[in-house]
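Just so you know, the protein sequences line up as chains A and B, in that order.
First residue of the first sequence: 28, per the working numbering; consecutive thereafter.
First residue of the second sequence: 28, per the working numbering; consecutive thereafter.
In short, the hints are calculated from the structure, not lab data.
Incorrect hints may appear among the rest.
Note that the list lumps identical chains together, so a pair holds whenever it fits in one copy or between two copies.
To be verified - Pairs of lysine to aspartate or glutamate, DMTMM-like flavour, derived with a Cα cap of 20 Å: (1) Lys65 x Asp160; (2) Lys213 x Asp95; (3) Lys79 x Glu58; (4) Lys73 x Glu328; (5) Lys74 x Glu58.
Predicted, not measured: the structure shown is a model, and the values here were computed from it.
There are 2 protein chains.
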Amino acid sequence: MRIIVDAMGTDARPTPDVAGAVMAAHEWQYEIVLVGRKEAIDTELKKHDTRKLRLTVINTTDEILMADRPSVVSKEKQDSSMHIGMKLVKNGEADAFVTAGNTGAAYAIAMLNTLRRISGVKRPALSGIFPIDRQPIIFLDIGANADARPEWLSQFAVMGNIYAKNALRITAPRVGILSNGEEEGKGNQLVQEAGALIAQLSLNYVGNVEPRYILQGGVDVVVSDGFTGNILIKTFEASVRYLTGTIRDELRADVFSSIGGLLAKPAFKRARRRLDTSEVGGAPLLGVDGVVIICHGSSDERAIKNAIHQAARAAEGQVIDVIRQELAISTPV
Amino acid sequence: MRIIVDAMGTDARPTPDVAGAVMAAHEWQYEIVLVGRKEAIDTELKKHDTRKLRLTVINTTDEILMADRPSVVSKEKQDSSMHIGMKLVKNGEADAFVTAGNTGAAYAIAMLNTLRRISGVKRPALSGIFPIDRQPIIFLDIGANADARPEWLSQFAVMGNIYAKNALRITAPRVGILSNGEEEGKGNQLVQEAGALIAQLSLNYVGNVEPRYILQGGVDVVVSDGFTGNILIKTFEASVRYLTGTIRDELRADVFSSIGGLLAKPAFKRARRRLDTSEVGGAPLLGVDGVVIICHGSSDERAIKNAIHQAARAAEGQVIDVIRQELAISTPV
Numbered sequence: 028m029r030i031i032v033d034a035m036g037t038d039a040r041p042t043p044d045v046a047g048a049v050m051a052a053h054e055w056q057y058e059i060v061l062v063g064r065k066e067a068i069d070t071e072l073k074k075h076d077t078r079k080l081r082l083t084v085i086n087t088t089d090e091i092l093m094a095d096r097p098s099v100v101s102k103e104k105q106d107s108s109m110h111i112g113m114k115l116v117k118n119g120e121a122d123a124f125v126t127a128g129n130t131g132a133a134y135a136i137a138m139l140n141t142l143r144r145i146s147g148v149k150r151p152a153l154s155g156i157f158p159i160d161r162q163p164i165i166f167l168d169i170g171a172n173a174d175a176r177p178e179w180l181s182q183f184a185v186m187g188n189i190y191a192k193n194a195l196r197i198t199a200p201r202v203g204i205l206s207n208g209e210e211e212g213k214g215n216q217l218v219q220e221a222g223a224l225i226a227q228l229s230l231n232y233v234g235n236v237e238p239r240y241i242l243q244g245g246v247d248v249v250v251s252d253g254f255t256g257n258i259l260i261k262t263f264e265a266s267v268r269y270l271t272g273t274i275r276d277e278l279r280a281d282v283f284s285s286i287g288g289l290l291a292k293p294a295f296k297r298a299r300r301r302l303d304t305s306e307v308g309g310a311p312l313l314g315v316d317g318v319v320i321i322c323h324g325s326s327d328e329r330a331i332k333n334a335i336h337q338a339a340r341a342a343e344g345q346v347i348d349v350i351r352q353e354l355a356i357s358t359p360v
Numbered sequence: 028m029r030i031i032v033d034a035m036g037t038d039a040r041p042t043p044d045v046a047g048a049v050m051a052a053h054e055w056q057y058e059i060v061l062v063g064r065k066e067a068i069d070t071e072l073k074k075h076d077t078r079k080l081r082l083t084v085i086n087t088t089d090e091i092l093m094a095d096r097p098s099v100v101s102k103e104k105q106d107s108s109m110h111i112g113m114k115l116v117k118n119g120e121a122d123a124f125v126t127a128g129n130t131g132a133a134y135a136i137a138m139l140n141t142l143r144r145i146s147g148v149k150r151p152a153l154s155g156i157f158p159i160d161r162q163p164i165i166f167l168d169i170g171a172n173a174d175a176r177p178e179w180l181s182q183f184a185v186m187g188n189i190y191a192k193n194a195l196r197i198t199a200p201r202v203g204i205l206s207n208g209e210e211e212g213k214g215n216q217l218v219q220e221a222g223a224l225i226a227q228l229s230l231n232y233v234g235n236v237e238p239r240y241i242l243q244g245g246v247d248v249v250v251s252d253g254f255t256g257n258i259l260i261k262t263f264e265a266s267v268r269y270l271t272g273t274i275r276d277e278l279r280a281d282v283f284s285s286i287g288g289l290l291a292k293p294a295f296k297r298a299r300r301r302l303d304t305s306e307v308g309g310a311p312l313l314g315v316d317g318v319v320i321i322c323h324g325s326s327d328e329r330a331i332k333n334a335i336h337q338a339a340r341a342a343e344g345q346v347i348d349v350i351r352q353e354l355a356i357s358t359p360v
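Bound conformation, chain A alone (with noise of 0.2 Å):
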């Protein structure tokens, strides 16, 4: 298992993405191959104990920024590490990409540039996964079609059922549409549409799922529009936010109650770990041809640890083959 890593994902780049890949060589022996500035890159790696891992570096000199608009850095930072990286597995010299970087970028570069759609992929969708009650969702999309076509997330349905069985290895995953309701004929012309094409599938599917059934763990497979689940993950991620912060403002009210959040501390800390998604590392980029996991740029060491994971078994999971194989299958000519 050969894994490409971006040094210079991360908000603080290359420190945790540096020390995150030598996690993941120590823990699992993958051979690993970062890619960024050597000279940065080999100062965070003598801070390790690198002996008996298959590390190598390769040097490039183009750094993308996250306020970099995608078009332009696909054009014009071609000596990129998302660039070099992303071209390495299309020339299958490597299984895996892993970055923490810019997420436009890296899906304009895998585009444009480097990778490509997988043939029959209409649209590759942007996934996360969020651990629920300690089980992996996969949501698909999240952000990279803010307009999208039945079709569309009828692939998409069939892409995250893949991934949820190979990468995820959940035995017959449950494939769900987030709808406003979950009676039959509710939802927009959109979800309607798309819900009516999954149904033909041979899927284990479960029609519209409300966020309600989705937060009881009550599925494993959630599609949408790319507009919707963009704004149902930040809803979520800010829910949580707000709540914890309206807690912390009350403990601090009155005595009794700061000293009961003095013993509770450790509770909240386990709470806050449940709803910790660097225990999933990153998610994947479905419907390029290679295995792309993209990570949020705030990724600590152990989420790019677990991020590498996460890769390691789409390659073995042989995601890509499969989606091509299950597209040619499933769609209409």
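Chain B: place on chain A using the hints.
Chain B only, in chain A's frame:
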């Protein structure tokens, strides 16, 4: 101020409905007409001190259930509390109608049987009012129009702004459109086109708003299509429930945390109250030709009382007349 209260609204009807009406009549001296099964209402009224209150009862025979389909209710249950109550508002015999009953039925009866649209309104919107850091934020649409057009969203902005000013008494309300990113150019096609229309209106328009920004209290009126708005509201509610449940679990997991949890109980209660929508009571169905305030089916008497106060403020603020005037100006023919 004469307000009609649907006594057959809540899940526990008519107990909280009648109790809330009595509380509102005591607190603000409103004249209140209770509509529903007279016998049941009279039984409830006997539990309260109603001397000096201006309370009357109108008997109706049909009862609308939560499971009833709106189209059926509209035709077949014409002697329901909703039909009779809204007719009284339509005929100018009352200033507002408050109900905690089936939302779809209320929408259908308002639109098809009784109040109908305000002249110039393309589509009425269902709104939700949430207290964020103790300030009300009005969201619309949260469910009436799963598919929407840019011009409808532009009218939602006008109506929401008027409600925020005249009923919620917010000076120069900040109006935003729900989007997947705050930069200009973000959003799906609907959001981009609607945003361009809203920017041309004379509003305190802040542009695209993300869920995080909304929950930081950065905006007073949030406009969206009814599908996305519904997903946002439901995700917020489900996330609060999920996080609360996770914390409760973890507080029970060890002895110190349990003690801490007990000590901090008042703080948790206060946090929960800050998220509690019964302080607001209900939210308007905006665009129909009369003040209609819709409450959650699970409303308690305090929520009903506050919804009645909402209704009075909307009537005092002449929300309907102002909407009629402003839409005549802002809508190109």
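Quick rundown of the hints versus the structure:
no., hint, result
1, Lys65 x Asp160, "neither (40 Å within a copy, 48 Å between copies)"
2, Lys213 x Asp95, "between (39 Å within a copy, 15 Å between copies)"
3, Lys79 x Glu58, "within (11 Å within a copy, 84 Å between copies)"
4, Lys73 x Glu328, "within (16 Å within a copy, 67 Å between copies)"
5, Lys74 x Glu58, "within (19 Å within a copy, 77 Å between copies)"
The structure does not agree with numbered hint 1 stated previously, though it agrees with all others.
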